[in-house]
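With the hints as constraints, model all of the structure from the sequences given.
So the sequence lines, in the order shown, correspond to chains A and B.
Residue numbering for the first sequence follows our numbering, starting at 1 and increasing by one per position.
Residue numbering for the second sequence follows our numbering, starting at 1 and increasing by one per position.
The hints are simulated quantities; they were obtained by calculation from the structure and are not laboratory data.
Since no wrong hints were added, every one of them can be taken at face value.
Covered stretches of chain A, going by a simulated chain B footprint (3 or more residues, C-beta under 8 Å): (1) 232-244; (2) 280-286; (3) 291-300; (4) 337-349.
Sample of chain A residues with no beta-carbon within 10 Å of chain B, all distances over it, derived: (5) K3; (6) T21; (7) K110; (8) A136; (9) K151; (10) D167; (11) R175; (12) D182; (13) N186; (14) T253; (15) E272.
Beta carbons are placed, not taken as given, at the ideal position from N, Cα and C, and that holds for glycine.
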Amino acid sequence: MTKKVIYYVNQFFGGIGGEDTADFEPEIREGQVGPATAAASQLEDAEITHTIICGDNFMGSNTEEALDRIAKMLEDKEFDLLIAGPAFQAGRYGVACGNVCKMVQDRFGKPTVTSINVESPGVEMFKKDIIIVEGANAAAKMRKDLKNLIKVANKMLKGEQLQCAVDGYFPRGKRAELWLEDTRENTAAYRGVQMLIKKIKGEDYQTELIIPKKDVVPIADPVKLDEAVIALVTTGGIVPVDNPDRIQSASATRWGRYDISGVDSLPNRAAEGYKTIHAGFDPAAADADPNVIMPVDAMRAYEKEGKYARLHNYFYSTVGTGTTESEAARMASEIIPYLEEDGVNAIILTST
Amino acid sequence: MVKVFERAGFPIVHVCNLIPVSTTVGANRMVPTISIPYPLGDPNTPKEEQWKLRYHRVGVAIDALATPVEEQTVFKVKI
Numbered sequence: 001m002t003k004k005v006i007y008y009v010n011q012f013f014g015g016i017g018g019e020d021t022a023d024f025e026p027e028i029r030e031g032q033v034g035p036a037t038a039a040a041s042q043l044e045d046a047e048i049t050h051t052i053i054c055g056d057n058f059m060g061s062n063t064e065e066a067l068d069r070i071a072k073m074l075e076d077k078e079f080d081l082l083i084a085g086p087a088f089q090a091g092r093y094g095v096a097c098g099n100v101c102k103m104v105q106d107r108f109g110k111p112t113v114t115s116i117n118v119e120s121p122g123v124e125m126f127k128k129d130i131i132i133v134e135g136a137n138a139a140a141k142m143r144k145d146l147k148n149l150i151k152v153a154n155k156m157l158k159g160e161q162l163q164c165a166v167d168g169y170f171p172r173g174k175r176a177e178l179w180l181e182d183t184r185e186n187t188a189a190y191r192g193v194q195m196l197i198k199k200i201k202g203e204d205y206q207t208e209l210i211i212p213k214k215d216v217v218p219i220a221d222p223v224k225l226d227e228a229v230i231a232l233v234t235t236g237g238i239v240p241v242d243n244p245d246r247i248q249s250a251s252a253t254r255w256g257r258y259d260i261s262g263v264d265s266l267p268n269r270a271a272e273g274y275k276t277i278h279a280g281f282d283p284a285a286a287d288a289d290p291n292v293i294m295p296v297d298a299m300r301a302y303e304k305e306g307k308y309a310r311l312h313n314y315f316y317s318t319v320g321t322g323t324t325e326s327e328a329a330r331m332a333s334e335i336i337p338y339l340e341e342d343g344v345n346a347i348i349l350t351s352t
Numbered sequence: 001m002v003k004v005f006e007r008a009g010f011p012i013v014h015v016c017n018l019i020p021v022s023t024t025v026g027a028n029r030m031v032p033t034i035s036i037p038y039p040l041g042d043p044n045t046p047k048e049e050q051w052k053l054r055y056h057r058v059g060v061a062i063d064a065l066a067t068p069v070e071e072q073t074v075f076k077v078k079i
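Dropping the structure here:
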């Protein structure tokens, strides 16, 4: 069956006009406009039924309204995929494509794909949420960017598995599982040793775990210890024995906040106190003495000695194994208000 | 997590075993631990020894929070 695709472009690529028409309000047209025409000829067994056009300024200044209006236009449409762009290096257009794709994914549960150049803030803002094919930095590369974009779109429409390394989109920080044929050459041990041999010989090899480029954070100023209100956070899965927040033992999406007012040392599992639920290591040592991961005892000792002002009376815990960077970042953002509320000004985070 | 906290302005020290991972991810203040399952106290050693080690390394971590650094820094531990 022929699949249905909806296309999104800005006022420029929609043929409305240039910068003077950037306030153009969202409009939906039947059929294909601008790059959608060329895209249609490259789509396999899918047709572009409608094109949505919106001015970049209108989208930028009235984002919520623009997205709501576009959502309304889509309510009575049947479609299997939304394609936006390519946006090249354009700032507003890149962000607009990101916003529209994310909205369609969130509100309609439909897949989306766009193409943006790394220099547009749209990439950093949306690469974790949507598929963004890496685009060129100028519209002169339209033919090439469109080809790459539609190639990925075709795969998505067929339900084929995507891999960022193969399909050229920005890694989303999500892991894909692949089934390999059951042969000796496919075992992790064999692959690992082959890589090691190449490394020793100084030959090129391809790691299977690409560490994304460093996203450097400015170094926070130190705190004066006589004013330091320190909070303890761990990714080591230390929780009360009944794990009241049902934090997962791996790939965690939940975190907990536990009261340690008046606690000089965390009681262990046998004493119905705390244990670890982390699935990435033998829990025996931490179950016997949770302070080896969450050192409340040492922190209290220093507090009594007056080394720093005071310990925040809660500790925060989640599990770090298999947990994606984006989930970890979200959890930290959720914890911050609790820290601010108590005047915390420094953090010790322990990881296993 | 470390980066989100630090970006919000909190000086933060990452107390962990896999310092290269922490460095790669982008922690700015780091204090090493002795292992993954028991970062701050080896259960095969007497309780007093575990306490000494934990007390020392936690002390280094607290001091790290008060130390100005210019670049990613792994603080030295003696025990």
